[in-house]
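Residue numbers (the numbering used here), protein chains in the order written: chain A, 11 to 458; chain B, 10 to 327; chain C, 61 to 227.
Simulated from the structure, these hints should not be mistaken for lab results. Some clues are possibly wrong.
[Said to hold, decoys possible] Chain A regions said to be covered by chain B (calculated; three or more residues, Cβ under 8 Å):
1. 361-367
2. 371-380
3. 406-414
Just so it is clear, CB atoms sit at the ideal spot from N, CA and C, and this is done for glycine as well.
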Amino acid sequence: MGVQLLLEHLNKPEINTIDGYIKQGGYRTLDKVLGKMTPDEVTEEVKTAGLRGRGGAGFPTGMKWSFLDKSTDKPRYLLCNADESEPGTFKDRLLMEKIPHLLIEGMIVSSYALGCRTSYIYIRGEYMFILRILEKAIKEAYAKGFLGENIKGSGYSLDLYVHPGAGAYICGEETALIESLEGKRGNPRIKPPFPAVSGLWGCPTIVNNVESIAAVVPILNMGGSEYAKIGIGRSTGTKLISASGNINKPGVYEIELGLPVEEFIYSDEYCGGIKGGLDIKACVPGGSSVPILPKSLLFKESNGNPRLMSYESLSEGGFETGSMLGSGGFIVYDEKQCIVKNTWTFARFYHHESCGQCSPCREGTIWLDKVLYNIEHGLGKESDIDLLWDIQHGIEGNTICPLGDAAAWPVAAAIRHFRHEFEYHVKYPHRVKDDDHVYQPEMNYTTA
Amino acid sequence: MKVTIDDISIDVPPGTTILEAARMIGENVPPTMCYYSKLEGSGGKCRSCLVKVTKGSEKDPRPMPKLVASCRTNVMDGMEVKNTTSPEVLQARKSVTEFLLINHPIDCPVCDQAGECDLQDLSYEHGLSKSRYDFKKRIFDLIDIGENIQMHMTRCIMCYRCVMVADQLTPERVHGVLNRGEASEISTYIQKAIDNEFSGNMIDVCPVGALTDKTFRFKSRVWFTKPVYAHRDCKTCSGKVTLWYQGAEVLRVTGRKNKWHEVEEFICNDCRFHKKNTEDWVIESAATISRHSVISQNLNVYEKPVIHKKLQEKPKSE
Amino acid sequence: MDVQFSQESINEINRIIAQYPKERKKSALLPVLHVVQKETNGWLSVDTMDKVADILAIKPIEVYEVVTFYTMYFTKPVGKYVIEVCQTGPCMICGSDKIVSYLESKLGIKVGETTSDNIFTLRTVECLGACGYAPMLQIGEQYYENLTEERIDQIIHELGSTYSDKY
Ligand SMILES: Cc1cc2nc3c(=O)[nH]c(=O)nc-3n(C[C@H](O)[C@H](O)[C@H](O)COP(=O)(O)O)c2cc1C
Ligand code: SF4
Ligand code: FES
Ligand code: FES
Numbered sequence: 011m012g013v014q015l016l017l018e019h020l021n022k023p024e025i026n027t028i029d030g031y032i033k034q035g036g037y038r039t040l041d042k043v044l045g046k047m048t049p050d051e052v053t054e055e056v057k058t059a060g061l062r063g064r065g066g067a068g069f070p071t072g073m074k075w076s077f078l079d080k081s082t083d084k085p086r087y088l089l090c091n092a093d094e095s096e097p098g099t100f101k102d103r104l105l106m107e108k109i110p111h112l113l114i115e116g117m118i119v120s121s122y123a124l125g126c127r128t129s130y131i132y133i134r135g136e137y138m139f140i141l142r143i144l145e146k147a148i149k150e151a152y153a154k155g156f157l158g159e160n161i162k163g164s165g166y167s168l169d170l171y172v173h174p175g176a177g178a179y180i181c182g183e184e185t186a187l188i189e190s191l192e193g194k195r196g197n198p199r200i201k202p203p204f205p206a207v208s209g210l211w212g213c214p215t216i217v218n219n220v221e222s223i224a225a226v227v228p229i230l231n232m233g234g235s236e237y238a239k240i241g242i243g244r245s246t247g248t249k250l251i252s253a254s255g256n257i258n259k260p261g262v263y264e265i266e267l268g269l270p271v272e273e274f275i276y277s278d279e280y281c282g283g284i285k286g287g288l289d290i291k292a293c294v295p296g297g298s299s300v301p302i303l304p305k306s307l308l309f310k311e312s313n314g315n316p317r318l319m320s321y322e323s324l325s326e327g328g329f330e331t332g333s334m335l336g337s338g339g340f341i342v343y344d345e346k347q348c349i350v351k352n353t354w355t356f357a358r359f360y361h362h363e364s365c366g367q368c369s370p371c372r373e374g375t376i377w378l379d380k381v382l383y384n385i386e387h388g389l390g391k392e393s394d395i396d397l398l399w400d401i402q403h404g405i406e407g408n409t410i411c412p413l414g415d416a417a418a419w420p421v422a423a424a425i426r427h428f429r430h431e432f433e434y435h436v437k438y439p440h441r442v443k444d445d446d447h448v449y450q451p452e453m454n455y456t457t458a
Numbered sequence: 010m011k012v013t014i015d016d017i018s019i020d021v022p023p024g025t026t027i028l029e030a031a032r033m034i035g036e037n038v039p040p041t042m043c044y045y046s047k048l049e050g051s052g053g054k055c056r057s058c059l060v061k062v063t064k065g066s067e068k069d070p071r072p073m074p075k076l077v078a079s080c081r082t083n084v085m086d087g088m089e090v091k092n093t094t095s096p097e098v099l100q101a102r103k104s105v106t107e108f109l110l111i112n113h114p115i116d117c118p119v120c121d122q123a124g125e126c127d128l129q130d131l132s133y134e135h136g137l138s139k140s141r142y143d144f145k146k147r148i149f150d151l152i153d154i155g156e157n158i159q160m161h162m163t164r165c166i167m168c169y170r171c172v173m174v175a176d177q178l179t180p181e182r183v184h185g186v187l188n189r190g191e192a193s194e195i196s197t198y199i200q201k202a203i204d205n206e207f208s209g210n211m212i213d214v215c216p217v218g219a220l221t222d223k224t225f226r227f228k229s230r231v232w233f234t235k236p237v238y239a240h241r242d243c244k245t246c247s248g249k250v251t252l253w254y255q256g257a258e259v260l261r262v263t264g265r266k267n268k269w270h271e272v273e274e275f276i277c278n279d280c281r282f283h284k285k286n287t288e289d290w291v292i293e294s295a296a297t298i299s300r301h302s303v304i305s306q307n308l309n310v311y312e313k314p315v316i317h318k319k320l321q322e323k324p325k326s327e
Numbered sequence: 061m062d063v064q065f066s067q068e069s070i071n072e073i074n075r076i077i078a079q080y081p082k083e084r085k086k087s088a089l090l091p092v093l094h095v096v097q098k099e100t101n102g103w104l105s106v107d108t109m110d111k112v113a114d115i116l117a118i119k120p121i122e123v124y125e126v127v128t129f130y131t132m133y134f135t136k137p138v139g140k141y142v143i144e145v146c147q148t149g150p151c152m153i154c155g156s157d158k159i160v161s162y163l164e165s166k167l168g169i170k171v172g173e174t175t176s177d178n179i180f181t182l183r184t185v186e187c188l189g190a191c192g193y194a195p196m197l198q199i200g201e202q203y204y205e206n207l208t209e210e211r212i213d214q215i216i217h218e219l220g221s222t223y224s225d226k227y
């Protein structure tokens, strides 16, 4: 294993309890930071570290913090985004389930940097069992005086609560999350204003992913400049990758950014290769929203260099030949998987999760779902493929929030790289039907 | 602040949206299906008013990466915007129109809104001639929201305007948006009449025929009626209305709509539903009709969409 | 009809309300609905929702709007155990379809239905954040992962046998 900053103590005894956590050096940053460093110094440290948001967009965290409107005397809020619902992503869950205190420690020092008196962790409702774990851990932290009034005599006070969602992927979008926390439907807000100016209850608000907040702890422990040495180029530090699909060892791995994709898939330290000794067909490297990459583009960039697990390398070549690191939901498909069917399940997902406010997403996602259903079930027409292209094009970039793009991109990429599979489906509908849409070796897509 | 839209410049006060600036110029205005200047927080949803910002401002001249909703984007000094001169904008508008229509019943022949429907205008100006949607259209159970207002959810385009009317003009909102995504609907959830002094304004703000006046239902077609401005002394509202005559009979009372098809002042239900005799009113003059209404063609006063000369050449498509 | 909640639920509701500023009681809506739904047989009737509106001092329609938006609230009666099988891409490629059909034939119901004895309701859901341990399903607060047919037999037996010999 390479550097482990977040999961280093994953398997230590009782790491889920506050004492077990402290034994491994937990909560050290409180002594180092509270009352000793100014909030701006903490933000500076995060900036120096080059930490980029781990929730999907990869926006520099320190920079985001510096946008927080400090000119008003309204309270400010830090919201931790634990909505984790992007298909293929399950890393935040591991962190919260196994090492809840790492997140709490991160929340304390981050809230300190932002000058928050109250902060919330917004967790998806289906993770109710993790909410219980977090609430128990928070109770422990209060008992130790790490939360509440005058933390460790520093004069800094913070209250921390966990707020459950109730089943809506869209509540991962930061303004929908805020609406949901306010007890409303998860309809994303129309921006501007941005949350940093007017967020929760109209107050300046920062929303950060679980992993981003957890990463603040090692950054403060080792110093921003040390953290920045890990990783590659502007992709600093480590990243949790949720590996799933047809691999031998699915699970969550902490990697140093810059690890070659090929090594990640085939090394026994990580995914351990494709299940059943099959060949790999494709991979979605950053959660269901990002473009799928066929094997031919997965291991090499367009310039022939090996493709690496980093923000830059995975997006090299734009959408023509690249993809995105996204949330780190790494889904691997073996040679027997049907790309059309997979694309349909994603389209169904976005149809199911659209909030319904804006017309391109509300109507476009159901249309994509229906057309893909038809193609997958042997009811498609040849013109449907171009129609799909037009629909996704009509959604992309025209919506209120990025869910529209997230619905469009996987369809576009599947058609771009696997058009032959779509053509096979519409040319031989009876075969698709008879095979119960399971891939058969004799279905030679390329010559069909 | 100076803003340039499709090569026409205008000075506007800070805080003006691109759409309002375009309305001030008065030509070539992006279509609006959800924005309503009199309803706070409206707009941003339908995406029919998308425009391209090719220059952010004098200070930061970078173009905006995506098309923006002109109704919810404030102008910056020196901003340059492309509306109908951008093929990208026209393409997006075409897509939005298509999306709005795929599940719309297109039952204009039996719809009271026909002739003054914003969706008809939009599809006429930006739509395709043929539907590419091969599936059954979405249907909803008809619900009864009281004796004055008829609701047809299938025609709704989710502009949220009626919800805002209820929030902003009436004491207690009893209807709202239920379910989510494509299944979203305007409803009271439980069978309940939407009944209060200002509920009738929901009819006027509805851009389509989802909310229509039951007291006018099927009485006539809009284009056979003659609109006349009138007023009365009303304790509840301004009492300034448009009466819609057929012969000597007042078939319908509505708020007065301006050029952008928005009512100038909201009126109360008493004026709208219960004052249908000429004696109730002081007649002012024949109404000016916005080009949104087909009757403007009958009267031969149809205000054609004015398109700036320079813009009349069709932009090359992408 | 007036709905009454147990003292335990009321305490829990008050604890939740205290997490938000006084004038922001509405923020407690989602967590309070979770507490209440648990108590009212797993679903929310109009009376229950109205009662919640009353407790949080909001309009009933604000509760209906929220309840119908989120997938975890039910507005119709459901079985004692709601089985929710994930069917999104990563689970699908690991065989979630087979899990669904196995459950359908085992329980003798289709997706969306409840067994006649009201013990099990079968639903399909979208990604639950367990893609690496696919196929998976959720019942109540519990995740069941790396499913096989034997494992399903075991789960159904564990939960159902107290109520009926059928399982
Ligand atoms: C539809 C949608 C869903 C999202 N879901 C999540 C999520 O589940 N978890 C998350 O951390 N970020 C999610 N995001 C990204 C957030 O909007 C936001 O960018 C992120 O929480 C910022 O945190 P970060 O800067 O620490 O990454 C989602 C965004 C969109 C548009
Ligand atoms: S893009 Fe989709 S999810 Fe986002 S606001 Fe529009 S309808 Fe809602
Ligand atoms: S009018 Fe601007 S988005 Fe609807
Ligand atoms: S796809 Fe099933 S849990 Fe993620």
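Each hint, compared with the structure:
Counting residues of the segment 361-367 of chain A whose CB falls under 8 Å from any CB of chain B gives 7; the rule of at least 3 is met. Given as covered by chain B, the segment 371-380 of chain A passes the check, having 7 residues with a CB less than 8 Å from a CB of that chain where 3 are the minimum. Counting residues of the segment 406-414 of chain A whose CB lies closer than 8 Å to any CB of chain B gives 4, so the stated coverage by that chain holds, three being the minimum.
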